[in-house]
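A.B. asks: Produce the complete structure using the sequences and hints provided.
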Amino acid sequence: MSFPFYVSPEQMTQDKAEFARKGIARGKSLITLEYDDGIAMVAENPLNLSKIGEIYDRIAFAGVGKYSEFDRLRKMGVQYADVEGFRFSREDVRGKALANLFSQVIGDEFNRSMKPLEVEIVVAEVGEPQFVGHEKNAIYKVQFDGAIMDLHGYCVIGGSVENLQGHMESHFRSNLPLGDALRLGREALMRAENGNPDLPPESLEICLLERQRRGRKFRRLSADELRGILGL
Amino acid sequence: MRFRFWDGYQGASFAELVESEFPQLRPDLSGLYAGDRQIPTAHGTTVIGVRYADGVLVAGDRLATMDYRVASRDIQKVYATDGYSLMAIAGAAGPSIEMARLLGIQFEHYEKIEGEQLELEGKANVLSGLIRQNLPAAMQGLVVVPIFAGYDRRRSTGRVWKYEITGGRYEEKEYESTGSGSLFARESLKKSYRANASREDVIRIVVEALTDAADEDRGTGGVDTLRGLYPTIKLATEAGIEDVGDEEIAGIYEQVIGSRRRSTS
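These protein sequence lines are chains A and B, in that order. As numbered in our numbering, residues 1 to 232 make up the first sequence, in order. As numbered in our numbering, residues 1 to 265 make up the second sequence, in order.
No lab work stands behind these hints, which were simulated from the structure alone. Nothing here was measured: the structure is a model prediction, and the numbers come from that model. In this text, a Cβ means the ideal position worked out from N, Cα and C, and glycines have one as well. Each hint can be trusted.
Covered stretches of chain A (in silico footprint by chain B; criterion: 3 or more residues with CB under 8 Å from a CB of chain B, positions within the stretch not fixed):
#, region
1, 53–61
2, 85–92
Facing chain B, a subset of chain A residues (Cβ under 7 Å, in silico):
#, residue
3, K75
4, M76
5, V78
6, Q79
7, Y80
8, D82
9, V105
C.D. replies: And the structure:
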């Protein structure tokens with residue numbers, strides 16, 4: 001019987017993190033940003049396989065990295081939200097609990113399995129002004145190791161984050177109108193090293209959580225709608 | 001609640017998800033028979049689905065009965081299960097309402113998991129499955145016999161289905177009514193129904209049918225002018241679901257009653 005070589009926990013964690021980072025850096029980027037009437041998620045994605053999805057009335061999901069992995073997480077999120085909403089009420093389904101669930105699952109995978117998940121995800125929850133205690137927007141980012149961050153304004157995930165982050169930092173303002181917010185998101189994406197320097201609407205995947213919409217606030221924009229909003 | 005990542009349920013059906021992962025959330029109601037006496041539960045009575053020019057109309061009275069008593073005067077029997085479909089319930093109120101809720105969640109769940117809506121026919125089929133699952137409870141008296149209707153955007157037309165307790169479903173070309181007063185409602189619809197009726201005409205036809213049903217069947221609640229309670233009427237058209245307001249129904253009801261009123265002398 002042979003015994004595996006001893007590997008220190010530090011070394012193992014480092015190796016796994018490096019592996020996951022590499023996997024994520026190969027992919028395209030995705031930006032989540034607040035605008036005056038909701039939250040927008042903007043991704044470079046010319047494919048039919050979407051990176052952004054509806055979870056519940058006020059909650060959306062976005063993932064980058066390995067598609068099969070973040071899509072499985074998205075589906076688990078939908079299952080969680082629908083079961084909790086069925087068990088309790090629609091208002092009881094909250095973004096924070098969902099982000100915590102993702103953090104736990106991704107963290108467990110990182111610690112326990114040989115191969116960590118090569119994903120980074122965002123959970124966005126738009127506020128409901130008429131509903132006491134639920135007025136504020138929330139954006140949570142969960143990393144490949146399960147680390148969870150609570151962000152305000154905007155959030156960048158995926159490859160070449162530094163370039164995009166810099167652009168967002170210098171240009172983002174709160175309460176941007178929808179058109180300006182989407183233009184900013186598109187401009188930032190065009191700065192990515194591996195990105196398309198002239199992104200046509202067909203190569204963008206954009207979804208909104210619209211605060212004024214009743215019930216399910218998630219909406220996917222078509223290329224035509226996008227052309228109208230961006231003025232392209 | 002434990003959600004499993006790799007080895008949990010992976011399909012797009014909410015009912016199956018609950019059954020395989022969280023069975024405690026769907027309790028078995030088949031033990032409701034106590035000896036030879038059934039424990040009284042609330043029952044809903046007359047509901048109607050009618051196709052018309054713009055799509056389909058679904059209506060129901062507001063009364064629920066428990067044995068010979070009123071259980072509720074303002075129960076809702078017509079539910080929008082998504083943006084283009086409606087379900088009307090007759091039979092045991094508790095399981096029926098739960099079924100309507102489950103159906104709505106099922107459609108939404110499928111749409112979110114798969115990224116696309118089910119076709120109207122697929123939605124009608126999902127309801128068959130839920131009714132079939134309810135069969136043990138139905139054998140104990142908790143019968144659920146709904147009507148399912150909606151606007152089929154692929155075919156640009158309204159469609160309506162009736163069901164039986166085995167889950168069997170039959171598409172109707174014109175109209176359908178179920179519940180204790182349905183015999184009288186159908187008799188009324190038989191005479192007044194016209195293909196491609198306008199919105200206003202179809203509402204009048206249905207208000208008449210519900211009035212006839214309430215007239216002959218003690219379990220069907222008509223218009224309750226004392227409390228200002230009117231039947232629920234919803235339309236499914238190309239534009240989505242529309243609730244017909246009480247004022248509009250009240251106006252049409254006055255016309256119907258006016259034409260039938262006899263003088264006392």
